[in-house]
Amino acid sequence: MKKENLYNYILGIADNSLILGQRMGELCGHGPSLETDIACTNISLDLFGQVRSYFQYASKIAGDGRTEDDIAMLRKEREYKNVLLVEQPNTDFAYTLGRQFLFDVYHLAFLKELQKSTDLTLSAIANKCVKEVSYHERFSSDWIKRLGDGTEESKQKMQEAINDLWTYTDELFHQTDADKAMVAEGIGVDVTKLKENYYSDVSQVLEKATLQVPVSKYFQKGGKQGIHTEHLGYLLSDLQYMQRTYPNMEW
Amino acid sequence: MSEEQIRSLERQFDERISRDEKIEPKDWMPEKYRKTHIRQMSQHAHSEIVGMLPEGNWITRAPSLRRKVALLAKVQDEAGHGLYLYSATETLGISRDEMYEQLHTGKAKYSSIFNYPTITWADMGAIGWLVDGAAIINQVPLCNTSYGPYARAMIRVCKEESFHQRQGFEIMMKLANGTPEQKDMAQDALNRWWWPSLMMLGPTDDVSVHTEQSMKWKLKRKSNDDLRQQFIDQTVPQAELIGLTIPDPDLKWNEERGSYDFGEIDWDEFWQVVKGHGPMNKERMKARVGAWERGEWVRDAAMAHAEKKRYRSEKKAV
Amino acid sequence: MSTKNWPLWEIFVRSKNGLEHRHCGSLHAADSDMALENARDVYTRRNEGVSIWVVESKHITASNPENNGELFEPAQDKVYRHPTFYDLPDEVKHM
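Chains as they are written, first to last, in our numbering: chain A, 1 to 251; chain B, 1 to 318; chain C, 1 to 95.
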């Protein structure tokens, strides 16, 4: 493939939205209130909309007949490049919102940079996504504050979720080979530069939420290289079920 | 109020409705009108949110991204419709939590169709095409019902639902025109959903209890049997168009009536499901109650947080 | 059961600039910020709005239909408030 780095770069971005969208979609019909259920589904819909834009572009770059669905649903587990954070399960609503919040703060900062990409398709996609993700970030931050500064029980649950998910935050700022190549061409975002602001933004919200900012220095990584947690396999078996069971059909 | 006064008020009330005037929340209304509306409207709302479950079952497994977003949006709409209907019912002096309580304890009913399992992808097509099709036939006349908040909620619901049935039919059409395996999947779904969809339009007129009063209050504009006939007459040609067979050997066009004759419905099955012994009744309730209970600490936290915020801003103002 | 349930809010949406906010329904939320967010997610999913007002339902004071006679009927015979009450020659075209 001529533009292999660009292709891999797009997949790295899109897989985060794909896997997080799938996780949020699981909640539809099972939220803590009707209003919250509708809100979470909106986030899922935004993310899948983004995925489609990215994969349609990736499909054009690949130019080998693979469609957006082939790219989304017919890769092997090691070929998904999402960060470990987004594949973590909906253990309870604190984990769901904690995962969303820790990703949203990164996602928003990332998209703001991607808007400046010299690749016009990517910057156009980023322009659209940045509005959606600004809302996600507002929504999840508000909920972190509610649950952190709510009841004793909610504070404890929220703190536990943040502590557990914290270990997956550092990976957001790791650069892959595709990243480095794309940064050099002015197409990609240098994620290492987002790190400092990320932790200060996240800490601000956690403090407002009367939560402790975790101090652990031990972080997990591997998602960007396709080495995932055990959770991803199950998610993929749902995501891929139809395409695997009934190959080469149109739906 | 004396009995005579009440009778006179009731007479005026009925006259208002027959003049096509709308009844609004603060208007005087007979107690029976209030109760009947709470029952029907909450049942309608419950059906929307329980109805999210059979389709929600396939969101993570939808076969393409396009299908996935359409299904997500559709199931989300059902949450919205439940919400509009609960809100409209709340104007009659019952809270959403009380209605949930009635649902969770089995006191309130919801549409029995949602007690059937969704076992293949084609069921998403069959539900959209048949179940939403039958629902629309029931719902469109309600846009003009006598209780204002209900009529307004239904106008919103009907406007938004127009894509649901199309979505379902498109899924079926694609399957019916697909590989033999896909076509079998579509036919199998039609076979399983056809009869429950007919049952969904309610018991036959001779055993239906609420009809006459409901007609007067415009809660119902046509009898169950008429609605069923309308549904069959409009659906059979659609099945033919995509080459699927309605699973009823007695189905045939009656030239004289200008309608289809159809076979006997298994009403024993209908009553079994209504009474709580359908294939999925228990699971559906477990899912609803589970979501509500798991959400309790979240709802409590939000209230506690709101109170803290209010307290702080009041303290600041002093 | 929760001891305290989320209160009810009335939602008003302006569909585009130049038009008034219109009541479109209600929903439950713990506070006004959440009510705004919920209203955005529930009532503007199809691009129905450019501005939202939320008011907690308990703050609305409504007239009582029992008083409709004294409140509204006196206005019915004040025909002189309407332009058609006044006779003008046909030659006066626009007034």
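Note that these hints are calculated values from the structure, not bench results. Hints are supplied without guarantee of correctness; some may be wrong.
What the hints assert, rightly or not - Think about it this way: if two alpha-carbon atoms lie no more than 25 angstroms apart in a straight line, the pair counts; the simulated DMTMM-like pairs of lysine to aspartate or glutamate are:
1) K155/A - D205/B
2) K308/B - E10/C
3) K26/B - D90/C
Said to hold, decoys possible - Among chain A residues calculated to face chain C with C-beta under 7 angstroms, some are:
4) N5
5) E35
6) L74
7) A178
Ideal placement from N, C-alpha and C gives every residue a C-beta, glycine not left out.
Are K26/B and D90/C close enough, with their CA atoms no more than 25 angstroms apart?
Violated: K26/B and D90/C sit about 47 angstroms apart, past 25 angstroms.
If you take the shortest Cβ to Cβ gap from A178/A to chain C, is it below 7 angstroms?
35 angstroms, violated
The hint names L74/A as touching chain C; please verify it with the least Cβ-Cβ distance against 7 angstroms.
L74/A check fails; min Cβ-Cβ to chain C is 31 angstroms, beyond 7 angstroms.
Holds or violated: K308/B and E10/C, Cα atoms, limit 25 angstroms.
This hinted pair holds, its Cα atoms lying about 23 angstroms apart.
Next pair to validate is K155/A with D205/B; report whether the Cα-Cα distance is within 25 angstroms.
The hint is violated at about 56 angstroms.
Would you check whether N5/A satisfies its interface hint, that is, whether its CB is within less than 7 angstroms of any CB in chain C?
Where the cut-off is 7 angstroms and the nearest Cβ of chain C is about 37 angstroms from N5/A, the hint is violated.
Checking hints one by one. Is E35/A an interface residue toward chain C, by the C-beta closer than 7 angstroms rule?
Where the cut-off is 7 angstroms and the nearest Cβ of chain C is about 4 angstroms from E35/A, the hint holds.
The structure shown violates the earlier hints numbered 1, 3, 4, 6 and 7.
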